[in-house]
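Once you've looked at the hints, dock chains B, C, D, E and F against the given chain A.
There are 6 protein chains.
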Amino acid sequence: MLLHLSTWSEIEQYLQRSRSIVVPIGSNEQHGPTGLLGTDWLCPEIIAHEAHKRADILIAPTFNIGMAQHHLGFAGTISLRPSTFIAAIGDWVRSLAVHGFEKILFLNGHGGNVASIEAAFSEIYAEASFAKRRLGFAMTLCNWWDLEGVGELARAQFPEGHGAHATPSEIAITQWALPETIKTAHYTPQIAPSGPIREALDFRARFADGRMGSDPAQASRERGGALVTLAADSLVREMDRFSRETVPA
Amino acid sequence: MLLHLSTWSEIEQYLQRSRSIVVPIGSNEQHGPTGLLGTDWLCPEIIAHEAHKRADILIAPTFNIGMAQHHLGFAGTISLRPSTFIAAIGDWVRSLAVHGFEKILFLNGHGGNVASIEAAFSEIYAEASFAKRRLGFAMTLCNWWDLEGVGELARAQFPEGHGAHATPSEIAITQWALPETIKTAHYTPQIAPSGPIREALDFRARFADGRMGSDPAQASRERGGALVTLAADSLVREMDRFSRETVPA
Amino acid sequence: MLLHLSTWSEIEQYLQRSRSIVVPIGSNEQHGPTGLLGTDWLCPEIIAHEAHKRADILIAPTFNIGMAQHHLGFAGTISLRPSTFIAAIGDWVRSLAVHGFEKILFLNGHGGNVASIEAAFSEIYAEASFAKRRLGFAMTLCNWWDLEGVGELARAQFPEGHGAHATPSEIAITQWALPETIKTAHYTPQIAPSGPIREALDFRARFADGRMGSDPAQASRERGGALVTLAADSLVREMDRFSRETVPA
Amino acid sequence: MLLHLSTWSEIEQYLQRSRSIVVPIGSNEQHGPTGLLGTDWLCPEIIAHEAHKRADILIAPTFNIGMAQHHLGFAGTISLRPSTFIAAIGDWVRSLAVHGFEKILFLNGHGGNVASIEAAFSEIYAEASFAKRRLGFAMTLCNWWDLEGVGELARAQFPEGHGAHATPSEIAITQWALPETIKTAHYTPQIAPSGPIREALDFRARFADGRMGSDPAQASRERGGALVTLAADSLVREMDRFSRETVPA
Amino acid sequence: MLLHLSTWSEIEQYLQRSRSIVVPIGSNEQHGPTGLLGTDWLCPEIIAHEAHKRADILIAPTFNIGMAQHHLGFAGTISLRPSTFIAAIGDWVRSLAVHGFEKILFLNGHGGNVASIEAAFSEIYAEASFAKRRLGFAMTLCNWWDLEGVGELARAQFPEGHGAHATPSEIAITQWALPETIKTAHYTPQIAPSGPIREALDFRARFADGRMGSDPAQASRERGGALVTLAADSLVREMDRFSRETVPA
Amino acid sequence: MLLHLSTWSEIEQYLQRSRSIVVPIGSNEQHGPTGLLGTDWLCPEIIAHEAHKRADILIAPTFNIGMAQHHLGFAGTISLRPSTFIAAIGDWVRSLAVHGFEKILFLNGHGGNVASIEAAFSEIYAEASFAKRRLGFAMTLCNWWDLEGVGELARAQFPEGHGAHATPSEIAITQWALPETIKTAHYTPQIAPSGPIREALDFRARFADGRMGSDPAQASRERGGALVTLAADSLVREMDRFSRETVPA
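Same order as they appear, the protein sequences are chains A, B, C, D, E and F. My numbering puts the last residue of the first sequence at 273; the count rises by one with no breaks. My numbering puts the last residue of the second sequence at 273; the count rises by one with no breaks. My numbering puts the last residue of the third sequence at 273; the count rises by one with no breaks. My numbering puts the last residue of the fourth sequence at 273; the count rises by one with no breaks. My numbering puts the last residue of the fifth sequence at 273; the count rises by one with no breaks. My numbering puts the last residue of the sixth sequence at 273; the count rises by one with no breaks.
One copy or any two copies: either way a pair holds, since identical chains are not told apart in the list.
Derived DSS-like pairs (lysine-lysine); straight-line CA-CA distance at most 30 angstroms:
#, residue 1, residue 2
1, Lys207, Lys77
2, Lys77, Lys127
3, Lys156, Lys207
Derived by calculation from the structure, the hints in this document are not laboratory data. This structure is a prediction, so every number in the text was calculated from the model and none was measured.
Next up, chain A with everything else stripped away, as it sits in the complex (with noise of 0.2 angstroms):
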């Protein structure tokens, strides 16, 4: 199901079947000359979309702008603030909690989302612990790239030149799902450079055109199709290995 074309009372159905839901979260971002600004809110969207046709799992709506500060100095790019970023998913938690889901689920699409979304989920966890009672939830993190066998397929797509932003395997799924917005464009090098990840004039002035240490003009729709096939099923698993996750009492 998808939460946000439903109404309160199928939610309300679902809550008597199953107490688990997927929060697809990313960032609008550049993504070098030929990646899509949403990339990387994109990619979880599609995936866990596409798994919630092959099994009764709930999708909420997408959490579509994430931690991109250093991405800034590219036209386009939007940012919260770590902090900001910290408390607007404790608000999407807590809310979700109000209506009894006990295991949620972030399907993560951008890298540099990672320490703030495990921040985030300490600061609600910590609430917990100060008061000494049991919070009656549990959140996780999943990054779509490190569901089963999904790095493994883009390591074999793409041995080389995948690189860690603007990668040719994200660039691919946006193909796949939306093949009418795929762009070309001249590059050079063709492995883009790599380094540490700083403010946006610093990031701006290493990585020119905005690929980190990648080649996405190896994408494409087949390879694309490819990791969401299998990126959806993982998810499926995943979702039903969390889902019966006991809890100590």
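Only chains B, C, D, E and F this time, still in chain A's reference frame:
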């Protein structure tokens, strides 16, 4: 243009010809026995995406979670606290300002967002005011039902039972755009009661099925289509007017 | 009763017979060439103190600094940022709730406060909503010009040039209460311009002497007295209505 | 001058001849069986308003709610948390700095405010310190009982039973200014106990009628008048001294 | 016991026999031409660790960074803003309260910390006060120079030139404990000037070598040893007194 | 150099020859039946202090309380919430930047700190990114077990039962540095279980004696010494590499 389906260099080019952007903003909250949880963010998204087919305007990703604390008594509602909402709007706006956007129009789909959005604007303006400097950009809030002619049309379509929440006009819009999601349900009374808005449990006690003053069964795809067409045209004019507004020296 | 001129045991006794309180709230900000900086907090204070002479209602100290960031370009304006204002309103309200007040009416004298006050109410309600509990008290916002009959009288008194800031009606009220502070000045145009509200320097560029759409020279003590009398009576009725409001179980 | 009874252009003119301002600041909290809830903000207001009759000094509106969490066990107390108080003082001060005030003296009427006011000053100074720039203005905190000669007079008037809260000196001041509010009550013991200040319920358990170490029945209008006269004169001198203080280059 | 050199089960056992703990707290800031940057956190640490050799008291890790914004003009100073400091003290205290500590004494080594520490205590107490509940534990602030007899000894040792910052007494304590770090320097004037504390650049302009009113060359290891011995004994007595303090029902 | 044992002028001189500094950072939290509560801040302090004997590097005071909310179920743990931790790291870093430090390396001793430290870095970088300016300094996070060669040595020393918390390698380091604090205890199972990290009560239910996957009895002073020696040498090289890193124009 849809920002999230563009590359950063396409946005850079857009900024050569326009400094204006529309941000659809809404809420994910219960909408009575038949309305979609996503109604309030889907409506401005639908209208804005329709408008972008008619004119060279730029549409940001949709800000899909707003201030809906009073709806938390119904499953599926996700809300930010006003303080979180204000912080997040601030980060969105400051991101867009980094790129040189000078006119930022929030096309809003949720009455409960209005106070927090305006407070967020004041929070941003105050930074410049306390620093004794010009801000360099302007924000405006536009509820879709306040677009020129739209309120009149809605009142003509639904002279009785329009109400204030889970209205037939907003539901008609989602029916037009997403006909596969049309839901039906029996409800009584035909026109829901009215009353003040307080905390979630008070709200649920007053408004048993989530409607406020409305009879959403009057919605139809045709009426939704008429509303969207009118609203999209009005939005294009409104953006033109806002874009041309000059700022005193 | 005036809370600040009472002892704690007198308030304890008052709470035996009533759980309601009025909080006058305004702003300290420029009011054009002749208006007092305190106009917006003096008006609700004057009206509330007049009302307490006519009925057994309790008046809190006046919340005298509000959200006036746009007036900071004129000397003497003191403003809270919305985030600070929301926090402070929260602490006032939570203090009153500790003592058992169940109906808290903010009698407001400044249009620029409205969004932040409503956001503050939502912030407080949200605590209960996220905790799945009843709050136990209710807040309401009442602008003095929205009290029953008052807007009509002001429009009748000042059919042209009432405007939106430094209005003849608010200035008339301070003239009635504080005749020794009446100021005169030449200004042009007779009726000030209108326009949007942004940051302080933008505001000053648009509204050179601080007025918005108004011709405050129309104010007179007599008109002020008529407004206060009507407003005080209406406030007593409004408090009675609010106090009697029952909360659904 | 009283700022709130002036126009913005009168303040602009004042700033041509002086860059100094007094902000009366206090608290609204229980003051024992006979003291007014407003005592702690009325006293500095009374003294400052008296001083402004004697010299060309400018008095801001009164900051009437302070840090009184420990008094919340007694009806009528309204308190800010320290964090809110610090934020609000910051906004007041930054507003005044926008207009060019360079010497801001807080005339304080509540011992419980001292730590938070000083922390607020440090928070403001820290902005400049972290930015490696000069601040351009200075703040100082002056408790009215620390004004030159005032403490000595109070000790002479009330050699025993002055105490620390609901003191005869502060009550005498309100009696002098507001004789119609004088209250009487029987209380025992004649001199209230002393002890540490903790949370509100602890406070009420230690100090049953709200007094700390005091015997407020010793207050009289005459003694209050003598205190106000001396304090007002001292305040004028203190403002003169502070205004003349030069800042090292 | 030193908490950080204990296991959790040793602390659990300690809590069977005592619910009290000492937290050494200070600042890392310039201390004139000869004083160590760590002076203000080393002194309370030295005294507390000496005390724990003489009695069964528990010493927490040292809170080594405090509120030293005014010293940021001198290399090596590290400061928290008051708001950060208050939040951090809150988390320390709430952590200790989770384990059942009921008496938490902060042994402070920096005058600039006092306001923020007291504000932090009030922030914590206020949580209970607004919630109408007992807190269950108490905090107290004790500056080492206010321990019984210590101020008298310091004044006897240094009748002139003790001053307020980079004092011979605090430097003597570090000399006693860390003789290998003793520094010498020529400075003039022999006794440093006094004056108000503002932002960092103002401070450096007033106090060229960092001293305030002091002549630290009077320090000696022997005097430091006498101070530590006396302070450690007084701390043991103070902890005993605080531990025995009963809380009213 | 140890910053806290230096004077401000010694640091000023150091800044003439280097702009780099190491900040040992850890946590104070339970470490199983035999580990010290201070283990996670002692380890980076021990390594950094050892390194400073071998090269001209500057070591800041130790940041001794980190993010350990999940350990609050065991006595003696002291934790900051992530939001507090982020604010405090920000103030440390901004203080160092005031003095001109350009390379700030946090040598971390607690895995639970990683997300919050990285979020803190992003929060700081974001200030510059939103302001469209260069930051002027860089931060890096280095866990001591990730220093070149250290992980390999630990795995060779403890091929089984190293685990993730209360590991034999960290305990060996404290044994080497503080042999008088070596503790022994019987525990079962020999190798502790593994599992997810949630709130404190969940953690204690999963990990009864506090260990995660470890068998700390394998620790020895000799192994600790080998780890420290290797880590100190690697840290010197890492600081050299980081210090030499050039920033793109």
